[in-house]
Amino acid sequence: MSNKRVVSSTINGQQVEFLTEPQQSLLECLRDTLGLTGSKEGCNDGNCGACSVLINNRLVNACLMLGIEIEGKDVVTVEGLADVHELHPVQEAFVLEDGLQCGYCTPGFIVATKALLDKNANPTEDEIRFWLAGNLCRCTGYDKIVRSVRLASQLMNDAKEGLQ
Amino acid sequence: MTSKIGVDVSRIDALDKVTGKALFPADLMSSDMLHMKILFAGRPHARVRSIDVGKAESCPGVIAILTASDVPVNEYGLINCDQPVLVGPGSNKKGADTARFVGDQIALVVAETEEAAIKARDDILVDWVDLPVITDPYEAMKPDAPMLFESRDSNIIKHNKIRAGDVEGAWKNCEVIVESIYHTPWQEHAYLQPEAGISYIDSDGRITVEVAGQWVHEEQKQIAHALGLTVDQVRVIHPAIGGAFGGREDVSVQIVLALASWHLHERGISRPVKIVWSREESILGHHKRHPYNIHAKWGAASDGSILAAEVKMVADAGAYEYTSAKVLGNATLQSTGPYDIPNVSVDAYAVYTNNVPSGAFRGFGGPQGAFAAESQVNKLADKLGIDVVEMRRRNLISDGSIGQFKSVYPEGVTIRQVVEECADRSNWPITQVDNSLPSNIRKGYGFACALKNVGFSFGFPEECWAKVELHGGSEIERVVLHHAGAECGQGAHTVFVQMTAEACGVPIECIQLEAADSALTKNSGSASASRLTFMAGNSIRGAVDLALENWQSEERPAIGEYKFVPRQTTALDTETGECDPNITYGYVAQRVIVEVDIETGHIRVVDVMSVDDVGRAINPIQVAGQIEGAVVQAHGYTLLENLVSRDGYIETAQFSNYLIPTSLDVPERVEAVILEYSDPQGPWGLRGVAEMPFLPYAPALIAAVHDATGIWFDEFPLIPERVLRGIDHSVYGE
Numbered sequence: 001m002s003n004k005r006v007v008s009s010t011i012n013g014q015q016v017e018f019l020t021e022p023q024q025s026l027l028e029c030l031r032d033t034l035g036l037t038g039s040k041e042g043c044n045d046g047n048c049g050a051c052s053v054l055i056n057n058r059l060v061n062a063c064l065m066l067g068i069e070i071e072g073k074d075v076v077t078v079e080g081l082a083d084v085h086e087l088h089p090v091q092e093a094f095v096l097e098d099g100l101q102c103g104y105c106t107p108g109f110i111v112a113t114k115a116l117l118d119k120n121a122n123p124t125e126d127e128i129r130f131w132l133a134g135n136l137c138r139c140t141g142y143d144k145i146v147r148s149v150r151l152a153s154q155l156m157n158d159a160k161e162g163l164q
Numbered sequence: 165m166t167s168k169i170g171v172d173v174s175r176i177d178a179l180d181k182v183t184g185k186a187l188f189p190a191d192l193m194s195s196d197m198l199h200m201k202i203l204f205a206g207r208p209h210a211r212v213r214s215i216d217v218g219k220a221e222s223c224p225g226v227i228a229i230l231t232a233s234d235v236p237v238n239e240y241g242l243i244n245c246d247q248p249v250l251v252g253p254g255s256n257k258k259g260a261d262t263a264r265f266v267g268d269q270i271a272l273v274v275a276e277t278e279e280a281a282i283k284a285r286d287d288i289l290v291d292w293v294d295l296p297v298i299t300d301p302y303e304a305m306k307p308d309a310p311m312l313f314e315s316r317d318s319n320i321i322k323h324n325k326i327r328a329g330d331v332e333g334a335w336k337n338c339e340v341i342v343e344s345i346y347h348t349p350w351q352e353h354a355y356l357q358p359e360a361g362i363s364y365i366d367s368d369g370r371i372t373v374e375v376a377g378q379w380v381h382e383e384q385k386q387i388a389h390a391l392g393l394t395v396d397q398v399r400v401i402h403p404a405i406g407g408a409f410g411g412r413e414d415v416s417v418q419i420v421l422a423l424a425s426w427h428l429h430e431r432g433i434s435r436p437v438k439i440v441w442s443r444e445e446s447i448l449g450h451h452k453r454h455p456y457n458i459h460a461k462w463g464a465a466s467d468g469s470i471l472a473a474e475v476k477m478v479a480d481a482g483a484y485e486y487t488s489a490k491v492l493g494n495a496t497l498q499s500t501g502p503y504d505i506p507n508v509s510v511d512a513y514a515v516y517t518n519n520v521p522s523g524a525f526r527g528f529g530g531p532q533g534a535f536a537a538e539s540q541v542n543k544l545a546d547k548l549g550i551d552v553v554e555m556r557r558r559n560l561i562s563d564g565s566i567g568q569f570k571s572v573y574p575e576g577v578t579i580r581q582v583v584e585e586c587a588d589r590s591n592w593p594i595t596q597v598d599n600s601l602p603s604n605i606r607k608g609y610g611f612a613c614a615l616k617n618v619g620f621s622f623g624f625p626e627e628c629w630a631k632v633e634l635h636g637g638s639e640i641e642r643v644v645l646h647h648a649g650a651e652c653g654q655g656a657h658t659v660f661v662q663m664t665a666e667a668c669g670v671p672i673e674c675i676q677l678e679a680a681d682s683a684l685t686k687n688s689g690s691a692s693a694s695r696l697t698f699m700a701g702n703s704i705r706g707a708v709d710l711a712l713e714n715w716q717s718e719e720r721p722a723i724g725e726y727k728f729v730p731r732q733t734t735a736l737d738t739e740t741g742e743c744d745p746n747i748t749y750g751y752v753a754q755r756v757i758v759e760v761d762i763e764t765g766h767i768r769v770v771d772v773m774s775v776d777d778v779g780r781a782i783n784p785i786q787v788a789g790q791i792e793g794a795v796v797q798a799h800g801y802t803l804l805e806n807l808v809s810r811d812g813y814i815e816t817a818q819f820s821n822y823l824i825p826t827s828l829d830v831p832e833r834v835e836a837v838i839l840e841y842s843d844p845q846g847p848w849g850l851r852g853v854a855e856m857p858f859l860p861y862a863p864a865l866i867a868a869v870h871d872a873t874g875i876w877f878d879e880f881p882l883i884p885e886r887v888l889r890g891i892d893h894s895v896y897g898e
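In order, the protein sequence lines correspond to chains A and B.
At position 92 of the first sequence the residue is numbered 92 (the working numbering), and the sequence of numbers has no breaks.
If you count the second sequence from 1, you need to add 164 to reach the working numbering.
A portion of the hints provided could be inaccurate.
[Unchecked claim] Partial chain A-side listing against chain B, Cβ under 8 Å, derived:
no.	residue
1	S2
2	K4
3	F18
4	L34
5	N47
6	C48
7	T106
8	I110
9	A115
10	R129
[To be verified] Derived DEER-like restraints, expressed as beta-carbon distance ranges:
no.	chain 1	residue 1	chain 2	residue 2	range
11	B	G170	A	E86	27 to 35 Å
12	A	E125	B	S466	57 to 65 Å
13	A	Q23	B	S195	34 to 42 Å
14	B	Q596	A	Q154	30 to 38 Å
Simulated from the structure, these hints should not be mistaken for lab results.
Here a beta-carbon is modelled for each residue, glycine too, at the ideal position from N, C-alpha and C.
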């Protein structure tokens with residue numbers, strides 16, 4: 001009966017093989033099959049961004065993709081950002097600027113912010129607000145999230161300068 | 165030693181939340197868990213003649229299908245047990261065979277997978293008899309209206325009256341009278357985490373439900389009632405909660421999860437049961453903010469003194485009571501605002517209809533009442549040619565004021581201070597004209613203020629429990645705080661830890677929190693009514709004082725357990741409304757600047773100043789977060805969020821058609837100004853903050869739109885279509 005397919009891809013830097021039904025969304029595969037519950041379901045129709053992940057460095061809603069579509073691709077979820085010893089600067093910035101309340105939307109915002117800062121190291125406030133308009137937050141009113149993104153940009157730039 | 169309160173401390177749950185490690189109910193997994201789906205009524209008013217589960221039961225993977233006859237005591241409710249757990253024939257409760265709104269729950273399907281549960285749910289055959297659908301509360305109030313409940317002779321749940329002074333006699337002394345009919349809309353909570361949970365039998369044999377709620381002990385009580393068990397046989401745990409805002413004050417999946425686990429246990433199946441609602445199920449399945457119709461007639465003398473206020477208001481409570489009677493009390497209080505008015509008459513009704521139930525939502529009746537009251541004051545000022553801040557100076561309450569309830573306001577009334585601070589900081593009255601704007605853009609300034617109670621009102625029992633353990637030898641090395649208060653995202657647990665550290669005089673790192681588990685804590689009340697920091701702070705201080713005494717007597721660990729009970733409030737007198745309604749209040753004033761595009765009807769909010777007296781900000785960055793978040797929720801309520809319900813069917817049950825603000829739809833600037841005038845009853849002088857900034861926003865924004873366009877909008881959300889219609893009417897007439 002089962003139409004299950006094997007998918008192999010890289011998730012958070014690790015080579016992974018998993019089984020999926022062809023109609024299963026990437027979000028279901030991440031959460032239910034792979035146990036990566038950091039990506040959240042808020043609407044399952046692409047309106048809230050709580051399931052934001054990176055696929056080959058592109059920001060997507062995992063609820064709008066099928067698991068089989070990530071064959072051979074490189075996926076980054078919120079679980080893949082911090083290393084064992086320290087937070088990613090985006091995560092650090094959200095902690096310092098209190099850019100979260102209930103935290104359900106937070107993984108999506110953090111992944112979306114990383115995608116933005118990888119493309120644009122010094123976004124303006126307008127660019128930040130425009131980029132994050134695909135992620136809903138019902139708690140914060142967004143100001144502290146925008147401040148978190150600005151601090152993240154600064155932390156990442158400082159780190160780069162430190163390397164030079 | 166440095167203070168642990170009054171400082172920005174990072175949330176204690178921040179690390180888990182930014183790394184994705186925090187576990188919300190839907191994240192709780194178990195390899196042997198079963199999945200549950202609910203069959204909803206999908207009809208606004210209909211009787212179930214019979215349910216045929218034969219075909220559904222034979223679906224592969226189905227473990228159990230439960231209907232009304234499987235519920236031991238088939239009723240529940242926070243105030244009044246008027247709702248069946250499952251609607252259908254064969255239960256022990258009269259009237260439980262009737263669905264009264266589309267979201268009534270009919271059957272539970274437990275299966276090996278969610279897909280199997282969905283398939284079987286869709287194979288359940290229900291034989292319905294449709295009944296007359298009543299969705300207009302005014303129709304529902306009529307004596308000959310069809311009754312939602314056979315056992316009742318009226319659809320009116322509650323009628324509150326205030327009779328103070330002589331309203332009829334006062335009109336002749338009024339220079340101006342303003343009469344308006346206001347309508348406020350439904351609002352959906354739209355917390356990002358849809359309802360979900362997991363249930364199982366714990367190692368002590370208790371039915372255990374892990375779920376997002378606002379009050380573990382109330383949820384425990386309601387589960388025990390419906391299952392015919394004692395509360396000790398039931399355990400409720402809150403994992404991470406993905407927002408609440410009042411929307412989780414009434415239960416959603418708690419009882420049905422417990423019912424499923426109890427049923428499986430009786431059959432010898434010991435596997436956890438999990439349920440996750442879709443966004444659509446969440447929007448159809450839980451209550452909304454009440455829509456209100458408010459008919460207000462107010463009069464003032466030529467010097468601006470408000471002499472009389474007459475208010476008639478009707479709330480659409482929807483199909484079940486939930487907290488409607490309590491919300492109505494607060495709306496009754498709010499409908500004449502923070503003003504000293506000698507002659508007041510209020511008639512307020514909450515009425516059953518076949519719409520989605522209405523209930524708690526940040527502000528709890530306050531935003532509706534305040535919209536009418538503040539708009540009335542702004543209109544009176546406009547008619548008299550008196551500035552709106554000056555108008556307030558002439559009418560606001562102060563310490564010692566005796567309001568419409570004929571009781572003295574609790575000491576620490578600071579509405580005048582917040583109004584003056586907001587006026588000062590925004591250079592009110594604002595007279596400069598902006599000549600740089602294009603001809604289609606009109607700029608306007610609006611002002612409003614409000615009070616909001618801290619704690620349960622009108623005699624509802626109020627208490628908060630805490631237990632503290634002090635560990636160590638000669639010095640306190642470690643402190644364990646047990647507290648049941650819910651962390652819904654507002655930061656409650658972080659301020660609990662701060663307040664415990666402050667009271668014990670130890671670093672924050674020494675505090676360990678055991679929270680929100682009914683097996684480990686006693687009742688601390690709900691995360692609602694802007695009460696939790698206030699009540700928890702008082703309970704923590706009491707527990708720490710007792711623990712420190714025991715520490716002095718060399719008890720190790722030294723334990724202090726304390727139940728804080730604030731001063732008793734009283735219920736409204738049924739004829740006059742006389743009572744002592746609230747423990748205390750927080751106060752707020754707001755100034756809003758808008759630009760209205762009179763060609764498109766689009767409103768841009770340029771700047772918001774919110775001045776809030778919070779008594780003492782335990783964690784200022786979190787307090788600012790509450791103000792910013794409340795303003796943006798109120799912004800959505802006023803401009804954007806348009807719940808469409810037709811004949812009892814909700815037509816906007818997705819985020820694609822029920823729009824909440826994104827980062828682009830918010831005010832361009834929100835300035836949160838925190839004032840700290842001590843409340844004599846508050847721990848460290850604090851009041852509350854969660855709801856207050858929501859209240860004045862709609863009337864302040866609508867006053868700004870009036871300033872910009874000359875048009876008073878008495879109904880919102882101000883979607884562009886409504887704004888344009890208003891502009892057209894003012895230009896071309898009706």
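Task: Consistency of beta-carbon spacing, E86/A to G170/B, with hint 27 to 35 Å - done: holds, 29 Å
Task: Interface hint outcome for N47/A [beta carbon to chain B under 8 Å] - done: With a closest approach of 4 Å, the N47/A hint holds.
- [ ] Closer than 8 Å between Cβ atoms is the bar; does T106/A clear it against chain B? Give me holds or violated.
- [x] holds, 5 Å
Open item on the list: Interface hint check: K4/A, Cβ to nearest Cβ on chain B, cutoff 8 Å. Holds or violated?
Closed with: violated, 13 Å
Task: Cβ separation of Q23/A and S195/B, checked against the hinted range 34 to 42 Å - done: violated, 23 Å
Open item on the list: Restraint: R129/A near chain B, CB-CB cut 8 Å. Satisfied or not?
Closed with: holds, 4 Å
Open item on the list: Does F18/A hold up as a contact with chain B if the rule is Cβ-Cβ below 8 Å?
Closed with: violated, 15 Å
Open item on the list: A115/A was flagged as interface toward chain B. Is the shortest Cβ-Cβ separation under 8 Å?
Closed with: violated, 15 Å
Task: Status of the I110/A interface restraint (C-beta, 8 Å, chain B) - done: This hint holds: I110/A lies near chain B, its Cβ roughly 6 Å from the closest one there, short of 8 Å.
Open item on the list: Does the closest beta carbon of chain B sit nearer than 8 Å to the beta carbon of S2/A?
Closed with: violated, 12 Å
Open item on the list: Range first: 30 to 38 Å. Now tell me if the beta carbons of Q596/B and Q154/A are that far apart.
Closed with: holds, 36 Å
- [ ] Would you check whether L34/A satisfies its interface hint, that is, whether its CB is within less than 8 Å of any CB in chain B?
- [x] violated, 11 Å
In this structure, the earlier hints numbered 1, 2, 3, 4, 9, 12 and 13 are contradicted, and the remaining ones agree with it.
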